[in-house]
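**Q** Chains C and F are the protein sequences, given in the same order.
So the first sequence is residues 48 to 203, counted in my numbering.
So the second sequence is residues 3 to 203, counted in my numbering.
Misleading hints may appear alongside valid ones.
[To be verified] Okay, the calculated beta carbon distance ranges per label pair: (1) Arg144(C) / Gly202(F): 55 to 65 Å; (2) Ala161(C) / Pro148(F): 52 to 62 Å; (3) Arg54(F) / Thr179(C): 46 to 56 Å; (4) Val94(F) / Ala161(C): 52 to 62 Å; (5) Ala80(F) / Lys145(C): 32 to 42 Å; (6) Thr83(F) / Ser79(C): 44 to 54 Å.
Hints were generated in silico from the structure; no laboratory data involved.
A virtual CB, placed ideally from N, CA and C, is assigned to each residue, including glycine.
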Amino acid sequence: MSATGKEAASPKPFDRAAVISTLARASQRELSAALDAIGQPDGWSWLRAPETGLVMVRGRIGGGGPPFNLGEASVTRASVQLRGGQTGHAYALSRNRKAAGDAALLDALWQTEAREEVEDSILRPVRSRIATQDALEEAEAAATTVDFFTLVRGDD
Amino acid sequence: MAQEQTTPALAPAFSAPVFDAAQAFRALLTAISRPGTIRTVDAPENPPAPLRRAMAAAILTLCDFDTPIWLSPSYAEATGTWCNFHVGAPRVRDPAKAAFLFAPLREAPSLLALEAGSEAYPDRSATLVLECDVVGDGAQHTLTGPGIPSKRLFASDALTTDFLALWKWNQARFPRGVDVVLTCGDRLAGLPRTTQIRAGG
Chain C
48 MSATGKEAAS
58 PKPFDRAAVI
68 STLARASQRE
78 LSAALDAIGQ
88 PDGWSWLRAP
98 ETGLVMVRGR
108 IGGGGPPFNL
118 GEASVTRASV
128 QLRGGQTGHA
138 YALSRNRKAA
148 GDAALLDALW
158 QTEAREEVED
168 SILRPVRSRI
178 ATQDALEEAE
188 AAATTVDFFT
198 LVRGDD
Chain F
3 MAQEQTTPAL
13 APAFSAPVFD
23 AAQAFRALLT
33 AISRPGTIRT
43 VDAPENPPAP
53 LRRAMAAAIL
63 TLCDFDTPIW
73 LSPSYAEATG
83 TWCNFHVGAP
93 RVRDPAKAAF
103 LFAPLREAPS
113 LLALEAGSEA
123 YPDRSATLVL
133 ECDVVGDGAQ
143 HTLTGPGIPS
153 KRLFASDALT
163 TDFLALWKWN
173 QARFPRGVDV
183 VLTCGDRLAG
193 LPRTTQIRAG
203 G
């Protein structure tokens, strides 16, 4: 989950990890709209059909401290292969198989000459949506911040 | 991070993972529990060369991240990436550390070198899967032992004189020992450590 607001500010091209990470956070609607716009590649096949499983989510209180198991989360993964041999992979939190399949296809398409289309139709819009959401949440959280300070105690 | 922006082409595994793996597991289980009978598997449809169907099915069915596996040099070179992707089993260099070993006959590791379990845990032994040119009914060898009503005739090019000598020794250390599965194309047969092999019909 590295697609944060800071990255969104710089227009640098995506690298593969960022592509997969961004596609993982795209909604089903965003993914199928993008795939409709670009057009399904002809002659692709499943390398691994979409399948849902569990991953253990671990956390550390305050970002430090010993790790503990927070709970299990559903993850769906899929891998596709285009006729040209490009393979696309997707792992996303959810049980939406269609979304995982579409995300894998878009990842594969990103490796072809359709890269610019993939970036324009899905990666940039999703990244800016995520950045907007993050900013909104940060603003909401910031409004409730309490800054503690201690008055000098006069007992010394 | 940016050095590998594309991934190499791969062959698919089972097209219906649950049913195909269940069918292959059933075939392996039956083959091992009725030594010398021939079972066939229908999947995977297009195993990556040089793996043939029954060998690929055994790899996909038997192994996971808990089972260290050893692939023969030619298998490792041609299908290592495929195994890593579809199976995710840790690969070991030393045959003695593997739970499952896969090789064509000419690259077969010696039975002597493999994990045979312990007296207390004979199930912690290795299973060796070998791709042969011949696995079938024939009067070359006679099998007897558990899972065989009286005797069963069996033929395979894996059963050389050297192999039979090692097999005797493999049986002498029962309950420790190594189990063997022989594959040929889409056919497979099992030779568990309890099976006695005698040359001739």
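**Q** Among all the numbered hints in the text so far, which are the ones the structure does not match?
**A** As far as the earlier hints go, 4 and 6 are violated by this structure, in ascending order.
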